[in-house]
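K.L.:
Grab the two chains, each in its own frame, and use the hints to assemble them into the complex.
Top to bottom, those sequences are chains X and C. According to our numbering, the first sequence is numbered sequentially starting from 1. According to our numbering, the second sequence is numbered sequentially starting from 1.
Read the hints as simulated data drawn from the structure, not as lab findings. It is possible that part of the hints are untrue.
To be verified - Pairs of lysine-lysine, DSS-like flavour, derived with a Cα cap of 27 Å:
(1) 205/X to 37/C
(2) 21/X to 119/C
(3) 13/C to 132/C
(4) 37/C to 13/C
(5) 128/X to 13/C
(6) 205/X to 21/X
(7) 119/C to 128/X
(8) 21/X to 132/C
(9) 128/X to 205/X
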Amino acid sequence: MSAGTVAIIDYGSGNLHSAAKAFERAAREAECDARIAVTSDPAVVAAADRVVLPGVGAYADCRRGLDAVSGMVEAMDEAAQRRGRPFLGICVGMQLLASRGLEYETTPGLGWIPGDVAAITPGDPGLKVPHMGWNTLVARRAHPLLAGIPTGDDGLHAYFVHSYALAAREPADVVATSDYGGPVTAMVARGTVAGTQFHPEKSQKLGLALIANFLRWRP
Amino acid sequence: MLKTRIIPCLDVKDGRVVKGVQFLALRDAGDPVEAAKAYDRAGADELCFLDITASHEDRGILLGAVSRTAEACFMPLTVGGGVRRVEDIRTLLLAGADKVSINTAAVADPDFVAAAAEKFGDQCIVVAIDAKRVSGPGEPGRWEIFTHGGRRPTGLDAVAFARTVTARGAGELLVTSMDRDGMRSGYDLGLTRAISDAVGVPVIASGGVGGLDDLVAGVRDGGASAVLAASIFHFGQHTVAEAKAHMAAAGLAMRLDP
Numbered sequence: 001m002s003a004g005t006v007a008i009i010d011y012g013s014g015n016l017h018s019a020a021k022a023f024e025r026a027a028r029e030a031e032c033d034a035r036i037a038v039t040s041d042p043a044v045v046a047a048a049d050r051v052v053l054p055g056v057g058a059y060a061d062c063r064r065g066l067d068a069v070s071g072m073v074e075a076m077d078e079a080a081q082r083r084g085r086p087f088l089g090i091c092v093g094m095q096l097l098a099s100r101g102l103e104y105e106t107t108p109g110l111g112w113i114p115g116d117v118a119a120i121t122p123g124d125p126g127l128k129v130p131h132m133g134w135n136t137l138v139a140r141r142a143h144p145l146l147a148g149i150p151t152g153d154d155g156l157h158a159y160f161v162h163s164y165a166l167a168a169r170e171p172a173d174v175v176a177t178s179d180y181g182g183p184v185t186a187m188v189a190r191g192t193v194a195g196t197q198f199h200p201e202k203s204q205k206l207g208l209a210l211i212a213n214f215l216r217w218r219p
Numbered sequence: 001m002l003k004t005r006i007i008p009c010l011d012v013k014d015g016r017v018v019k020g021v022q023f024l025a026l027r028d029a030g031d032p033v034e035a036a037k038a039y040d041r042a043g044a045d046e047l048c049f050l051d052i053t054a055s056h057e058d059r060g061i062l063l064g065a066v067s068r069t070a071e072a073c074f075m076p077l078t079v080g081g082g083v084r085r086v087e088d089i090r091t092l093l094l095a096g097a098d099k100v101s102i103n104t105a106a107v108a109d110p111d112f113v114a115a116a117a118e119k120f121g122d123q124c125i126v127v128a129i130d131a132k133r134v135s136g137p138g139e140p141g142r143w144e145i146f147t148h149g150g151r152r153p154t155g156l157d158a159v160a161f162a163r164t165v166t167a168r169g170a171g172e173l174l175v176t177s178m179d180r181d182g183m184r185s186g187y188d189l190g191l192t193r194a195i196s197d198a199v200g201v202p203v204i205a206s207g208g209v210g211g212l213d214d215l216v217a218g219v220r221d222g223g224a225s226a227v228l229a230a231s232i233f234h235f236g237q238h239t240v241a242e243a244k245a246h247m248a249a250a251g252l253a254m255r256l257d258p
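Bound conformation, chain C alone (with noise of 0.2 Å):
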């Protein structure tokens, strides 16, 4: 039976993790090779590298930090931020990335994504959905992407979009409330359930994890395949091994592996 799966997320910057990875207890806390093999060795089933500065002089840094990542850590990593041309793609996966994600670039031009996907297979094309709410209180819920780090409106709706993006190939949606990123208040189930009912891939939940009951809520209520998060993870407040023993309570299935 297929499990749900687990995802913590590290941003990073000119090759270093910000936000700080705190119960690692590292040596270095912001090198991302050293947080992937301390995620890798707590058991969690994926890992996600989001470059939040993807400038174009940055990308050796992350490619660097990809590629030691891949030789010490067997298990699947995504890899997004500033992907814009098919090169991107490639260059990623030579370093040992397994999916990549494109979130700009997608909405700037759907049928990138077609060009990815045929490529390299939908199953390696993850599209980044950031969406906020631009429903009123008491209206039926309607969510407008927006990019730039939630600066720039698109006009986009956002389950019309995670429509034409899948159709267009996207294997998984990757899909973050910019309400409530950061405000540890539990995932925008509705923008979660909205998309994943819209779509026939699979769907990570992401944005707002405040507490375990959160992660059980985007598999349960929102219809998520897997839930993404960070801070509860990085600043120790629960371990993944936890939250897996606090999923698999609530009856879902989880891997939990020795």
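So that you can see chain X by itself, here it is in the shape it has in the complex (with noise of 0.2 Å):
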């Protein structure tokens, strides 16, 4: 099987290092064919079959360096809207997909989740803030990239850190939630596209394994 060329962008934000040896060894366990590419050309994103935005950071000043990469979200948009490649947001980079953020300013995303991303504010108040840690998935409905991947309380955990979260206008793109204090979104997709609010790479076991389902996703 080829997963053929998985452009993980690089903006300036997130951990580039550890996703792409995270996408290198799903690849080698789930015997796929995949050449892992960090680039900040718009040129490989565009033609790329997967692409891939990761984001550590504030919203605001990842949309920031992704605006200074001249051509960058017009290349996103030509493989994951025009091509129809699957495209994977990982964190803040999931975070963008919504249609702003309200991190310190409020900040335009790229609106192809409708939603706001918004501070956390657990019911419980004897919550802390920022969710980090290990928490359980729960799935809102089937989605390939869930595939094979145990849920709800007895399944495996995906490693989280956020203050904010986004909050999807419209409920069929939220693909799952965790419980913190109430159901904090932790999986949204629509269509080609398809984002984790927890860290895939950090994730260990639930984190390779949905990171072949992407690798093999056929959407």
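P.N.:
The structure is reproduced here in structure tokens:
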């Protein structure tokens, strides 16, 4: 099986090193032929078979970083929206799929998954923010990226570290939530675009399984 | 449901683990990457590297270890020691750290925490608070921040300082009792609880673990979201799995993934 070229977008944010290594490991374990390219070249992204947008940091800062790479947003649009290539946003990379972010200041997102990224306010005031650590997933609907991954209270854990969360306008865009004083959006998807609030590249077994599913995904 | 984290901490000096890591039966017990891999396999929830030399010329060695760890271990890694500039944080994150721990620089200038959080997000800025009890017996608990390995008093109240740095954007606090560090008599639960109650961010209890009940107490009585330990794991007194089973049996929510 071949996943083709997987472009991991380098826009000065995100832990690209560990993301790339996790994708390489997942491809190897799944016996999937994939060429992992960490790139800041819009032409590579536009032509890639799969695109990954990582992100660590503050929303506005990440958006500025993305805009600073001339032609990158257009290249992402070309790959994901026009050519229908599988696209995965991770953490702030997932939040950037939303309409806008409200961290520190109001920042426009890509608008691919309608909704706002707003501060987490757990129903239980005793809960700490950031939502930091290992949590299980509650599947809201089936999705190829969750294939074979046990969810629910007895399921595998994913690693979260975030103070803001995506509130999707369309419930159908939410694939999974996590319980943290109420449901917190953990994974979204629409068409060929998906995003995880948790870090698959830091989520050991669950993370490598999800990355392998992404490499096999043929939407 | 969010689980309580167990965080083995490795003190790294000149690119080598000091204090020794004896249970791991490693070919090279001083290599932080080999130790990290062993803890990864053992089910640790996060790892912490504290660079205790952190002189400028040693940074490259540490970065190499961080980078090789991130290649092999798909779990979160916090790195601290000698972080003084925004550029230091960027370099560590690019090497593969997920969170960066700031200590002396936060004491010297809490606005540094704000600059770091605005750039990288609250979630990756950990402020390490090293404190000693300064209240006398029978008095209400009062703790003061010390720097330079506990030699230099700052006159700063630990709880007030915790509030200050949290307001500036620290996403997590690593609270170490310098009285208990290495004493194996349990965390200073009064300190842990006082800070945990004072702030809205997660607190990691650190300093003084002697046995598995101390880990339970750090969460139940100290209000910590995560427990950090070194010796009990390094010297093979307990495995991470034993610690998790013990904490789960005490009613704490633990990650027990296969």
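K.L.:
So, against the hints stated earlier in the document, which numbers end up violated here?
P.N.:
5, 8
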